[in-house]
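Participant: Here is what each chain is made of, one letter per residue.
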Amino acid sequence: MSKDAFKNTELIQASLKKRYARERRFQLFGKLAVLLGFVFLFILLFDIVSKGTPAFTQKQLQIAVDFDPDKLGVDASASAEQLRQANFNAVIKSSLRDMFPEVTSRGDKKRLYRLVSIGAEYALRDRVIEDPSLIGQRKDFWLLAHSEAAGYLKGQISRELPEVERKVKDIQMDWLDQLRDKGLTKSSFNTLFFLEGDSREPELAGIRAALQGSFFTLVVTFLLAFPIGVFAAVYLEEFAPRNRITDLIEININNLAAVPSIVFGLLGLAVFINFFELPRSAPLVGGIVLSLMTLPTIIITSRASIQAVSPSIREAALGVGASKIQTVFHHVLPVAMPGILTGSIIGMAQALGESAPLLMIGMVAFIMEVPGGVTDPSTVLPVQIFLWADSPERGFTEKTSAAIMVLMGFLIVMNALAIYLRRRFEVK
Amino acid sequence: MKKHVLGAIVLTVGLGNLAVAQAQGRDNVSIVGSSTVYPFATVVAERFGRSTDFKAPKIESTGSGGGLKLFCKGLGANTPDITNSSRRIKKSEYDQCQENGVTDVVEVLVGFDGIAIANSRQAPQLTLSLQDLYLALAKDVPGPDGKLIPNPNKTWKDINPALPASTIEVLGPPPTSGTRDAFAELALGGGAQAIPALKSLRELGADQVDEIKAAVAALGIPEGFYQSYSQSSGKAPKGKDIFKAIAYSVREDGAYIEAGENDNLIVQKLEANPNALGIFGFSFLDENGDKVQGSLINGVEPSFDSIADGDYPVSRPLYFYIKSAHVGRIPGIREYAIEFASDRAMGEDGYLTERGLIPLDEVELKQVQADVASLKRLEM
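Going down the list, the sequences are from chains A and B. Numbering (full-length UniProt numbering) for the first sequence: 1 to 428. Numbering (full-length UniProt numbering) for the second sequence: 1 to 380.
Simulated from the structure, these hints should not be mistaken for lab results. Don't take each hint at face value.
Unchecked claim - Mimicking DSBU-like on lysine-lysine, the simulated pairs with C-alpha atoms at most 30 Å apart in a straight line are:
{"id": "1", "chain 1": "B", "residue 1": "291", "chain 2": "A", "residue 2": "110"}
{"id": "2", "chain 1": "A", "residue 1": "51", "chain 2": "B", "residue 2": "235"}
{"id": "3", "chain 1": "B", "residue 1": "235", "chain 2": "B", "residue 2": "199"}
{"id": "4", "chain 1": "B", "residue 1": "55", "chain 2": "B", "residue 2": "139"}
{"id": "5", "chain 1": "A", "residue 1": "7", "chain 2": "A", "residue 2": "17"}
{"id": "6", "chain 1": "B", "residue 1": "90", "chain 2": "B", "residue 2": "213"}
{"id": "7", "chain 1": "A", "residue 1": "93", "chain 2": "A", "residue 2": "169"}
{"id": "8", "chain 1": "A", "residue 1": "71", "chain 2": "B", "residue 2": "55"}
{"id": "9", "chain 1": "B", "residue 1": "291", "chain 2": "B", "residue 2": "69"}
{"id": "10", "chain 1": "B", "residue 1": "238", "chain 2": "A", "residue 2": "169"}
{"id": "11", "chain 1": "A", "residue 1": "71", "chain 2": "B", "residue 2": "69"}
{"id": "12", "chain 1": "A", "residue 1": "139", "chain 2": "A", "residue 2": "110"}
{"id": "13", "chain 1": "B", "residue 1": "291", "chain 2": "A", "residue 2": "51"}
{"id": "14", "chain 1": "A", "residue 1": "71", "chain 2": "A", "residue 2": "51"}
{"id": "15", "chain 1": "A", "residue 1": "139", "chain 2": "A", "residue 2": "93"}
{"id": "16", "chain 1": "A", "residue 1": "110", "chain 2": "A", "residue 2": "182"}
{"id": "17", "chain 1": "B", "residue 1": "235", "chain 2": "B", "residue 2": "213"}
{"id": "18", "chain 1": "B", "residue 1": "269", "chain 2": "A", "residue 2": "109"}
{"id": "19", "chain 1": "B", "residue 1": "238", "chain 2": "A", "residue 2": "154"}
{"id": "20", "chain 1": "B", "residue 1": "213", "chain 2": "B", "residue 2": "147"}
{"id": "21", "chain 1": "A", "residue 1": "186", "chain 2": "A", "residue 2": "139"}
{"id": "22", "chain 1": "A", "residue 1": "110", "chain 2": "B", "residue 2": "366"}
{"id": "23", "chain 1": "B", "residue 1": "69", "chain 2": "A", "residue 2": "154"}
{"id": "24", "chain 1": "B", "residue 1": "139", "chain 2": "A", "residue 2": "109"}
{"id": "25", "chain 1": "A", "residue 1": "93", "chain 2": "B", "residue 2": "366"}
{"id": "26", "chain 1": "A", "residue 1": "7", "chain 2": "A", "residue 2": "31"}
{"id": "27", "chain 1": "A", "residue 1": "93", "chain 2": "B", "residue 2": "55"}
{"id": "28", "chain 1": "A", "residue 1": "169", "chain 2": "B", "residue 2": "366"}
What you are looking at is a predicted structure, and each value in this text was computed from that prediction instead of being measured.
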């Protein structure tokens, strides 16, 4: 007996080392998994941030603009309407030629004009409409650089590449170097990126229209999904009888949460656009479709947090004579609210990042105008990212990454809000 | 209770807003269609929006076929006013339009686009013939005895001893894309015509039933094929129809890789894999000249001039179609079309040519401008 016991201890002793080793191995694998996850996340973030950061600066060139009435085709007495039609393009071109009088060949002139963004024309037009006395004067203006020129000034294009392989030619680089040496180039914060809608010129493209579109879409989504989701959860959890039908409903809600989002897009196209004839590309339809998508998330999390409310609270309320509905609205819901809000915000964050269902309902479109309401054509942030990623112009690479940064910023804010609300309202 | 009232208010305001919007129709032009024309149409839309009082048109990239389907669905503010297309409207689509009340359609030829077959700059530039492309990418090719067999070619060297011994790997757009249609027609169809048996089949008319049947038999296609083809199309096929069915099908054994509609993605994949070739529009080649190079096709390099002159064999016309019934109802349609067809956009020095559009010659351009101004009805 004692011999056996001794043997057992020996066995245990012998295997102990192995068991410790196994545990250490397991922990190591766990650490490796976490580390690997972090490495990927870091690579991804580093790639996006390093590509996207240059998009937040814009390059401008100082040009002495000569508002020659002959070239404009209007004089100082012109009406605003005539000024709108005036040829500001010719003014910019001749001003550029004045700065580089040695440029004579046709091809070189074209390359020279390509230093300045086409947006400069409209910026000057707006300035002159504001102050018509500029006509006939000669004045220095900071004009927005073309995205290719800006790319060179930002150091993204190297002179080392053979000339045929790059968009910015040697001669353009020489001009830009000259301007830089004279202090006629400057960088500033790219406000256009936040104030303008989409554009086909990378230096003019902004995310305002997409942001506003995302905002309207999410407002519609929230107004539909939050009340419907919460009331459905309250009913199912507090009032509905437990029977086959409610079981069936529960299973279906859980399944609905796993349906691929593109299916909701097809539904939106068939029902809301083809049958109800709601307008295409509108945040209204986008919001409805996304609310269908987020409903299951909200219902499931709301039910879970209502379930988590201690039964003693209900019993106490019922015990002092509150009705069922008073119990639910005065006692259960306030306690469950942090959980419900967290679930809703996470659902909203999902909706904000969604693009697949919107493809079907026409929200993947080139839209310059900032939408003013839920029926105006608009696009959303993820779709804007997709469209820019698909554009041939090189300048959109940085815009794509910058838009991803903005989208991620919003997602982080929303998730932080969810955490804050949970902490703030949690009843200890 | 407060919540109920609030909800009711939101709902009423929402519905009211909607009703108003529906009654007013649209105040911006709605455009759909080809992803190849999209980069050009959006540039015009932007200039148009910035320089006039009209709102900038909304442009969706749905593919040529998808765009025409939406366009021909009917009249009304819920249907698009203009559709872009990287091929001409088909008779069947035109008939569909007529049936749905879209009777007056204006066709506008915009210019040309080349399809580049490109590879990474790290690899040597290839010189291919259309026949090489056909033999590399068609589903069935004639075997040693002249009968069609599933494409056996694994490397470029198998096709043409002058080509490298690397595996055939071509990244290209999916079947929904107009680029794919045009590639099949111009490159595969063009290459197949270099094979005498297929070329003679193509030239047979619908009445030469016996000749067609003999040609089909010589190619080793079962007799039933002719029957089933004539049954499914409802009429006796021409030699050309059979030719199309044979030559335009792309192989599905992995040598042709569908890379989605995103041409930038194809460029990135080519950079990562110097052995692969990619198929995409000329404007992407033009923008990414530092990363990829276009292969010479029949000895011609894809360039602005070679496409404009018609020397480069894989190029196609680009169009857009206007719904005349909407002109005057929705503001800006005619003005947008005039801007698109203007010299400063579509002309030889226009801003669209800067983006890689291959312009029309002067006579054609004048004709197109006149047709746009008069909204000339398309007859088919």
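Participant: Hints first: check each against the structure and report whether it holds.
Facilitator: Hint by hint, here is what the structure shows:
no., hint, result
1, B/291 to A/110, "holds, 24 Å"
2, A/51 to B/235, "violated, 58 Å"
3, B/235 to B/199, "holds, 22 Å"
4, B/55 to B/139, "violated, 47 Å"
5, A/7 to A/17, "holds, 16 Å"
6, B/90 to B/213, "holds, 27 Å"
7, A/93 to A/169, "holds, 19 Å"
8, A/71 to B/55, "holds, 28 Å"
9, B/291 to B/69, "violated, 36 Å"
10, B/238 to A/169, "violated, 52 Å"
11, A/71 to B/69, "violated, 46 Å"
12, A/139 to A/110, "holds, 23 Å"
13, B/291 to A/51, "holds, 18 Å"
14, A/71 to A/51, "violated, 41 Å"
15, A/139 to A/93, "holds, 15 Å"
16, A/110 to A/182, "holds, 23 Å"
17, B/235 to B/213, "holds, 15 Å"
18, B/269 to A/109, "violated, 36 Å"
19, B/238 to A/154, "violated, 60 Å"
20, B/213 to B/147, "holds, 14 Å"
21, A/186 to A/139, "holds, 17 Å"
22, A/110 to B/366, "holds, 24 Å"
23, B/69 to A/154, "violated, 45 Å"
24, B/139 to A/109, "violated, 49 Å"
25, A/93 to B/366, "holds, 27 Å"
26, A/7 to A/31, "violated, 36 Å"
27, A/93 to B/55, "holds, 27 Å"
28, A/169 to B/366, "violated, 34 Å"
Hint compliance for this structure: hints 2, 4, 9, 10, 11, 14, 18, 19, 23, 24, 26 and 28 are broken, all remaining hints hold.
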